[in-house]
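**Q** Produce the entire structure from the sequences given, and follow the hints as far as they go.
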Amino acid sequence: MFKSLRWRLQVWHAVVLLTVLSSFGAIVHRLHWQTRLQQIDAELHRTINLVYSQRFRLLPRPVRRPRRVDTPNETEAARTEQTAAGNTNAAPAPIPTEGEGEKSRPQFETNVRMARDQSQLPVEFDQLFHGEEDSRFYFVIWGKNGEMLQRSDLAPSIEYPNVHVLADGVPLRIPRDRKDKYLCREVVAAFPIPRMPGDKSPTSDLNILVGRSLEKDLAAQNQSGLLLALTGLVILAAGVLGGGWLAARAIRSIDAMTGAAEAISAQNLSQRINVKELDSELGKLAKVLNQTFDRLQSAFERQSQFTADASHELRTPLSVIATHTELALSRSRSNEDYRAALETCQRASQRMRSLIDALLLLARFEAGTSLLKHERVDIAALVQDCVELVEPLATNKSLSINCRVVPCQVKGDWDRLAQVVTNLLTNAIRYNADGGKIEATTRIERDRVVISVRDTGVGIAAAELPRIFDRFYQVDKVRGQAEGSCGLGLAICKTIVESHGGSISASSQPGVGTTMEVRLLLADATPVFEGAASSGELLVSTWEANEV
Amino acid sequence: MIEDEPDVIRAVAMFLREAGYSVDTAENGEDGLFKAVAWDYDVILLDVMLPKRDGWSVLEELRRQKKSTPVLMLTARDDVKDRVRGLDIGADDYLVKPFELTELVARIRALIRRSAGKAQSLIEIGAVSIDTTARTVSVDGNNVALTAKEYCLLEFLAIHRGELVTRTKIYDHLFDEYDSSLSNLVDVYVSNIRRKVGRELITTRRGMGYIIEG
Numbered sequence: 233m234f235k236s237l238r239w240r241l242q243v244w245h246a247v248v249l250l251t252v253l254s255s256f257g258a259i260v261h262r263l264h265w266q267t268r269l270q271q272i273d274a275e276l277h278r279t280i281n282l283v284y285s286q287r288f289r290l291l292p293r294p295v296r297r298p299r300r301v302d303t304p305n306e307t308e309a310a311r312t313e314q315t316a317a318g319n320t321n322a323a324p325a326p327i328p329t330e331g332e333g334e335k336s337r338p339q340f341e342t343n344v345r346m347a348r349d350q351s352q353l354p355v356e357f358d359q360l361f362h363g364e365e366d367s368r369f370y371f372v373i374w375g376k377n378g379e380m381l382q383r384s385d386l387a388p389s390i391e392y393p394n395v396h397v398l399a400d401g402v403p404l405r406i407p408r409d410r411k412d413k414y415l416c417r418e419v420v421a422a423f424p425i426p427r428m429p430g431d432k433s434p435t436s437d438l439n440i441l442v443g444r445s446l447e448k449d450l451a452a453q454n455q456s457g458l459l460l461a462l463t464g465l466v467i468l469a470a471g472v473l474g475g476g477w478l479a480a481r482a483i484r485s486i487d488a489m490t491g492a493a494e495a496i497s498a499q500n501l502s503q504r505i506n507v508k509e510l511d512s513e514l515g516k517l518a519k520v521l522n523q524t525f526d527r528l529q530s531a532f533e534r535q536s537q538f539t540a541d542a543s544h545e546l547r548t549p550l551s552v553i554a555t556h557t558e559l560a561l562s563r564s565r566s567n568e569d570y571r572a573a574l575e576t577c578q579r580a581s582q583r584m585r586s587l588i589d590a591l592l593l594l595a596r597f598e599a600g601t602s603l604l605k606h607e608r609v610d611i612a613a614l615v616q617d618c619v620e621l622v623e624p625l626a627t628n629k630s631l632s633i634n635c636r637v638v639p640c641q642v643k644g645d646w647d648r649l650a651q652v653v654t655n656l657l658t659n660a661i662r663y664n665a666d667g668g669k670i671e672a673t674t675r676i677e678r679d680r681v682v683i684s685v686r687d688t689g690v691g692i693a694a695a696e697l698p699r700i701f702d703r704f705y706q707v708d709k710v711r712g713q714a715e716g717s718c719g720l721g722l723a724i725c726k727t728i729v730e731s732h733g734g735s736i737s738a739s740s741q742p743g744v745g746t747t748m749e750v751r752l753l754l755a756d757a758t759p760v761f762e763g764a765a766s767s768g769e770l771l772v773s774t775w776e777a778n779e780v
Numbered sequence: 012m013i014e015d016e017p018d019v020i021r022a023v024a025m026f027l028r029e030a031g032y033s034v035d036t037a038e039n040g041e042d043g044l045f046k047a048v049a050w051d052y053d054v055i056l057l058d059v060m061l062p063k064r065d066g067w068s069v070l071e072e073l074r075r076q077k078k079s080t081p082v083l084m085l086t087a088r089d090d091v092k093d094r095v096r097g098l099d100i101g102a103d104d105y106l107v108k109p110f111e112l113t114e115l116v117a118r119i120r121a122l123i124r125r126s127a128g129k130a131q132s133l134i135e136i137g138a139v140s141i142d143t144t145a146r147t148v149s150v151d152g153n154n155v156a157l158t159a160k161e162y163c164l165l166e167f168l169a170i171h172r173g174e175l176v177t178r179t180k181i182y183d184h185l186f187d188e189y190d191s192s193l194s195n196l197v198d199v200y201v202s203n204i205r206r207k208v209g210r211e212l213i214t215t216r217r218g219m220g221y222i223i224e225g
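Chains as they are written, first to last, in our numbering: chain A, 233 to 780; chain B, 12 to 225.
Think of the hints as simulated: they come from the structure by calculation, not from any bench. Each hint should be verified, as a subset may be incorrect.
[Claimed, not checked] Quick list of the computed label-pair ranges, beta carbon to beta carbon: (1) B:Ala117 to A:Ile486: 55 to 61 Å; (2) A:Leu604 to B:Tyr189: 51 to 57 Å; (3) B:Asn154 to A:Asp589: 51 to 57 Å; (4) A:Arg585 to B:Asn154: 45 to 51 Å; (5) B:Thr179 to A:Asp589: 51 to 57 Å; (6) A:Phe532 to B:Ser79: 56 to 62 Å; (7) B:Arg75 to A:Ile588: 49 to 55 Å; (8) B:Ala117 to A:Ser735: 51 to 57 Å; (9) B:Ala117 to A:Arg484: 55 to 61 Å; (10) A:Arg571 to B:Thr179: 36 to 42 Å; (11) A:Asp589 to B:Leu133: 48 to 54 Å.
[Said to hold, decoys possible] Chain A residues, not near chain B, derived (Cβ > 12 Å throughout): (12) Thr490; (13) Arg504; (14) Val507; (15) Leu528; (16) Glu545; (17) Arg547; (18) Thr548; (19) Pro549; (20) Thr557; (21) Arg563.
Everything numeric in this text was worked out from a predicted model, so none of it was measured. Using N, Cα and C, we set each Cβ at its ideal position, and we do this for glycine too.
**A** Below you can see the structure in the form of structure tokens.
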């Protein structure tokens, strides 16, 4: 079962489909995640800017100017912001003075102020960091030296990242996978601390980290991955089913053909495969098979026709013998009666013998066991011999035989070739009108000799002409049987000529006559009288038989 | 008998004549069909492979013309298909060549019997019993010596007993196409039978023919 074409098609189809679907799904899944990460990164970038701007707008004027950081811009921005936010509690901070900065104190002040100002943050900003547990952002702010300045409530404890500022204001992103609690995406950026206008002190940096949990995104991603996989499975199932249906459809016609071909056996060769689509591959195959069956059928029919004919031809003389012996023995008879019976039996047995000889000859040639001699045969002498042989027959029917031959030699078996020529001559006599003419001639055509026997008989209808070389085929059964012919003569001629590498052909005009031509390869490579003989001028020997 | 092999015709016709049958022959389908239609034969022996018109077509034409003469087909072809075809067209029996003449005669007897609607080979009419197989007649158990023609006539009348049999029919039955006997020979045979078997058996219907009352 699993060796069947259908199953192999199915399996291959499924494997290919699975590969395509899974690689496609994997790519889509990955692209989706990357897009999501890009979106998150953009969000983080926005947020980090927001944190920076919000923080430093909200920063109160430091009591003392921090050692590195403060800028007038910042303070002003912070002040305006404070006013805008309506923070009346915050007293205007004095402008920090140069050299007053201590490291710990302004830090502390800032933190305190920041913590206090937390409550006055805009609502959106607040929600950003205190929203739902799994989607909210967190931030951590470090000073230049890595001291933590501030962190949002839910920020995990993060060590000061090894951040290098590539350029002013360009955020450096470090994605982090935090294994301890949950997966996060974090962005760190270094920002300059705003300075007062005219402040020439070296810029100091703040490092801000903004992160966000990826839990929700991962869940969504997993969900979409699951959805993708399920869709893929559904498509795979549909594909496999569809492929199976297609394969079954394709196989069905093959199965139908196999069934039809199986139904066609030796007993029933007349059936044919029903060809619906002639142009499809299967249609072509069916057509080829049908043609093969045609040939097989005609071969079988010829074979069974041959067997039937042979058995008929053998049974007829046998029944003559059987009936005559039974008749003669049924009571005591006169000597003349016995003699007549025995003579009839003798005729019948002779007929059987010649028939069996003919059949055996054909069978030997067919089996390739005929022992043909390979000697040089003088065709001119052979034709003349044969004409002499049939002369008495011709005399009986008042026929004249005109014989013109050119000397030439072929390689072959004299007796068999003589049999062919005699047979052709006998036919020409048998089917000739009384007082008719027969011409037996030879001529050279390139590397071949053509033996031609022409009669002035009834001729053969064009429809029958191709069949006259068939075994047991007789154009005129009555006349043939009356003359003791069994219908094998021309079949034997054809077999003999073909086993000599030659060909035999017939042309006929009903009412005018028939011409039989035998072509045989010349023994010598270069024919002797080619030009002269083919023009018919050089008649080496003319032999008139039986002038009437 | 329609058959194209002259030697076979000769032997079969001679054997049948010696057995007391009258035999007409034809060597081709056309002649055979003409004779088969023109006369009422008791049995036609028909070869399949015939010149001019093959046996099948002769049989078909015969049946088309509503001739129900029993036909025994003789052929050298023993293909089952051929046999079935012949029987389907309307042949009554089939014999493959070469055949035994005795078997042929037995089949002919059986066909004649069946065609007259009698399955028995022994016909008994009162004290007279006719054995169609042995071709003997006995009265009260005593054998009666009849000539072949006398026996044929008696058997013909006995097989058709209860029916009026015309003189022409009897003549056709007793003599073949080459016989030039006079038709009053029938009366001679009838009187001979009456003398040997008994006066009451055969009744004369003047001007029409003879009948054995069934």
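**Q** Take the hints in turn and mark each one as holding or not.
**A** How the hints compare with the structure:
For the pair B:Ala117 and A:Ile486, the beta carbons lie near 58 Å from each other, so the given range of 55 to 61 Å is met. Checked against the hint of 51 to 57 Å, the pair A:Leu604 and B:Tyr189 passes, with Cβ atoms roughly 54 Å apart. Between B:Asn154 and A:Asp589 the beta carbon distance is about 54 Å. The supplied range of 51 to 57 Å therefore holds. A:Arg585 and B:Asn154 have their C-beta atoms about 49 Å apart, which keeps the hinted 45 to 51 Å range intact.
For the hinted restraint 51 to 57 Å between B:Thr179 and A:Asp589, the CB-CB distance of approximately 53 Å keeps it satisfied. At about 38 Å, the CB distance of A:Phe532 to B:Ser79 disagrees with the hint of 56 to 62 Å. The beta-carbon spacing between B:Arg75 and A:Ile588, approximately 40 Å, falls outside the hinted interval of 49 to 55 Å. Range check, B:Ala117 to A:Ser735: about 55 Å between beta-carbon atoms, so the 51 to 57 Å window is met.
At roughly 59 Å, the beta carbons of B:Ala117 and A:Arg484 sit within the given window of 55 to 61 Å. A hinted range of 36 to 42 Å holds for the C-beta pair A:Arg571 and B:Thr179, which are about 40 Å apart. One distance hint, 48 to 54 Å for the beta-carbon pair A:Asp589 and B:Leu133, holds here, with the actual separation near 52 Å. Every Cβ of chain B is farther than 12 Å from the Cβ of A:Thr490; the closest lies at roughly 28 Å, confirming the non-interface assignment.
Under the 12 Å C-beta cut-off, the non-interface status given to A:Arg504 relative to chain B holds; the minimum distance is some 21 Å. Distance check for A:Val507 against chain B: the nearest CB is about 29 Å away, which clears 12 Å, and the non-interface claim stands. No beta-carbon of chain B comes within 12 Å of the beta-carbon of A:Leu528; the shortest separation is about 19 Å. Not every CB of chain B lies more than 12 Å from the CB of A:Glu545, the least distance being 8 Å, so the non-interface label is violated.
Its beta-carbon lying about 4 Å from the closest one in chain B, A:Arg547 breaks the requirement of being farther than 12 Å from that chain. At the 12 Å boundary, the C-beta of A:Thr548 falls inside the reach of chain B, the nearest C-beta of that chain being 5 Å off. For A:Pro549, the requirement that its beta carbon stay farther than 12 Å from each beta carbon of chain B is not met, with the minimum near 8 Å. Its closest Cβ contact with chain B, about 9 Å, brings A:Thr557 to no more than 12 Å, contrary to its assignment away from the interface.
Chain B draws A:Arg563 into its interface by the beta-carbon criterion, the shortest separation being 7 Å against a cut-off of 12 Å.
Of the numbered hints listed earlier, those contradicted by the structure are 6, 7, 16, 17, 18, 19, 20 and 21.
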